[in-house]
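From first to last, the protein sequence lines are chains A and B. For the first sequence, numbering that gives the first Met the number 0 assigns the number 0 to the initial residue and increments by one for each residue that follows. For the second sequence, numbering that gives the first Met the number 0 assigns the number 0 to the initial residue and increments by one for each residue that follows.
Simulated from the structure, these hints should not be mistaken for laboratory data. Warning: the hint list may mix true and false statements.
[Unchecked claim] If the Cβ cut is set under 8 angstroms, some of the chain B residues that face chain A in the computed set are:
id, residue
1, 59
2, 124
3, 178
No residue lacks a Cβ here, since even glycine has one placed at the ideal position from N, Cα and C.
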Amino acid sequence: MEAGKNDHEQVRKLLSAYVDGELGADERRTVEGHLSACPECQKEYEEMARFERVMGKMTFKSPPREVWELYWVSVYNRLERGIGWILLSLGAIILAFYGGYKALAGLLHDPAVPFIIKGGVLLALAGGAVLLVSVLRERLFVRKRERYKEIEI
Amino acid sequence: MRQSDLRPGELVMGGLRLARARKAPPQSELEALGRVKAGDTEAYHFIVSTYMKRAYFIALGFVHNQEDALDISQEAFIKAFRGLRAFDLKRPFFPWFYEIIKNLSFDHLRRRKTRQTVPPDIPLVLESSEEGWETRQALWKEINGLPLDQREVILLRYFQQLSYQEIAETLGKPLGTIMSTLHYAKARLRKSLAPHFQREGDHGSR
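Bound conformation, chain A alone (with noise of 0.2 angstroms):
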């Protein structure tokens, strides 16, 4: 009686796995002896297979056809916008970086202009930097958008 009860815990335990065909051929041995005897085990058996025939209908709604053939070359793009965003920026920064100085160092060391115009030529320099990187940027985010469109047959 007391080997039965335990017979029984263990196979509750392993019934999971042996509907799932993941025990070894000893413990499927034990899980199939146990079940032949018991009724309340069979049963409980039962509603698991019935849960996998479940499961195993269920799946994700696929993507169309088209998704995965351009998947590759999507991806590819991606990596390659990569390399060049990276080459573009830096050319950008040794040229802004470059320009900038010969620019500022004429201005400022031409005594001629007034100290306001100085000033006031450094905060327009400073303004239109940042409005031409925002402006790149926000132009390559509704690319990358856009690519989206293409794949939506």
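With chain A fixed as given, assemble chain B onto it according to the hints.
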């Protein structure tokens, strides 16, 4: 020129199609990863083709929105590509990649929460050849009500069809932990879905 006219590895610049010199495609995941690490971007095609569906459906399981799942899965491939240089090829790729998808998905969910956008219509994501809309809705609600560790094993088991061993490797947990987590998750789902199964049982068990 439309994107669909392009073959992978081809690049369009100013209307010109530039074909790349073609190397033999990689024969295994390890070879592909090694070649990517050595700077061969084309070899990444092998990895992307192998895991794109899995990546998409993992993200979908977390974010419940098809467009976001597509975006996150592709972003995960970009992130993995950049991280590969420092990646140890002795480690399995998928568990590391799974972690990237999961992190991106949860970042996305946090952003969505702060922006307070309308959550997507959840049952539209699930399909079943047998169960009705009501059961699918109830099931999806229950799955998403599970604690994260249980939800992950359910998603990997039933929507990725992974074995216990594969789930254990993916999540970096012992096999015994996966077995018991799955056992409790299934018991909870079965309990809460019993009324639905009984109601729809007649046509569901054919």
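The hints, checked one at a time:
Interface hint at residue 59 of chain B: satisfied, since its Cβ lies 5 angstroms from the closest Cβ of chain A, which is below the 8 angstroms cut-off. Because the closest C-beta pair between residue 124 of chain B and chain A is about 6 angstroms apart, less than 8 angstroms, the hint holds. Look at residue 178 of chain B: its Cβ gets to within about 6 angstroms of chain A, closer than 8 angstroms, so that hint holds up.
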